[in-house]
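Asks: First to last, the sequence lines map onto chains C and U.
Read in order, the letters of the first sequence correspond to residues 1 to 158 in this note's numbering.
Read in order, the letters of the second sequence correspond to residues 159 to 304 in this note's numbering.
Source of the hints: derived by calculation from the structure; they are not laboratory data.
You can take every hint at face value.
Beta-carbon label-pair distances, calculated as ranges: (1) U:Gln258 to C:Pro39: 49 to 57 Å; (2) U:Glu250 to C:Ile113: 41 to 49 Å; (3) C:Ile113 to U:His260: 45 to 53 Å; (4) C:Val72 to U:Val167: 21 to 29 Å.
Quick caveat, the model's predicted, so the values are computed rather than measured.
A virtual CB, placed ideally from N, CA and C, is assigned to each residue, including glycine.
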Amino acid sequence: MSPQNTAGIDPRGPRVSAGITAVLLLATIVLTGLSSPWPSLVLLTVVAVGFAFGAVRGPSGTWQGWVFRRVVRPRLAATSEREDPRPPTFAQAVGLAITGAGVVLGLVAAVGIVPGLRVIIVVAAGLAFVAAFLNSAFGFCLGCEMYGLLRRWRPAAP
Amino acid sequence: MTAALVAAVGLLAVATALGTWWRARNGVLVATQPDEPRTQLTTAQVGAPLGSRLTWVQMSSEYCAPCRRTARVLAALAADEPGTAHLELAVEEHADLARQLHVLRTPTVVVLDPEGHIVGRLSGAVTPAQARGTLAMIAGRHDAPA
Chain C
1 MSPQNTAGID PRGPRVSAGI TAVLLLATIV LTGLSSPWPS LVLLTVVAVG
51 FAFGAVRGPS GTWQGWVFRR VVRPRLAATS EREDPRPPTF AQAVGLAITG
101 AGVVLGLVAA VGIVPGLRVI IVVAAGLAFV AAFLNSAFGF CLGCEMYGLL
151 RRWRPAAP
Chain U
159 MTAALVAAVG LLAVATALGT WWRARNGVLV ATQPDEPRTQ LTTAQVGAPL
209 GSRLTWVQMS SEYCAPCRRT ARVLAALAAD EPGTAHLELA VEEHADLARQ
259 LHVLRTPTVV VLDPEGHIVG RLSGAVTPAQ ARGTLAMIAG RHDAPA
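Generate coordinates for the entire structure from the input sequences, incorporating the hints supplied.
Replies: Structure, rendered in structure tokens:
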């Protein structure tokens with residue numbers, strides 16, 4: 001096997017962050033039931049901005065990552081396990097793509113160009129929720145798996 | 159509001175079902191059936207001597223945290239159990255073997271008997287309990303102090 005980065009991130013961080021994100025996305029879906037769609041669209045935007053930070057700075061660079069380090073990790077036993085941050089960083093970009101598309105299409109729907117603002121929010125938040133929930137509750141990182149497959153089929157230059 | 163709540167609860171249920179199904183498949187031994195051909199791997203193909211009781215041939219890829227965890231589990235078990243060997247091969251470097259074995263996800267662990275016949279495989283991360291269970295099922299118990 002080729003040598004790995006020895007530096008790495010605590011693998012529990014992305015899972016806790018995904019749990020926080022999953023709760024917010026579920027709330028986004030519930031909020032579409034209000035008489036105004038704006039609260040749900042605002043919350044979806046908040047989640048998308050979080051993914052944007054994560055896509056650029058890695059999962060530790062999000063506010064959810066900050067919550068993990070300051071609030072959750074001090075209460076956990078120490079672990080020497082570390083994981084390569086590149087796959088979960090790519091997973092953040094996948095989350096950004098889904099929720100970002102929801103926000104953009106939602107705004108387009110809000111100004112009346114296309115109908116179905118609530119449906120757009122539910123679909124985008126729903127897809128992102130399933131991925132975030134699977135990650136936090138079951139340790140299945142969809143974006144990480146996509147990253148692995150991508151690198152196998154189109155290896156980048158070292 | 160009812161529709162929104164139904165959507166939320168429905169998504170939670172679907173996601174839980176998906177996750178439960180996925181986790182149930184991980185590390186579970188799928189034994190070669192009697193009517194299936196018993197492919198045999200050679201020392202030359204896997205690049206190292208086979209174990210006298212069982213060999214774990216782990217096909218891994220580079221950006222794969224479950225591969226790292228599985229490698230630690232199987233290497234530790236191989237060190238503990240005489241006659242067992244753990245070999246980790248990168249699918250990037252062994253593309254032909256990966257294709258021959260129809261490796262679709264990593265890690266995939268192919269279990270060999272002492273002659274190198276494939277007697278089963280495990281897909282996904284393998285826990286220590288699953289590894290010990292597979293060893294017991296395939297190679298029988300080796301009486302050793304706990």
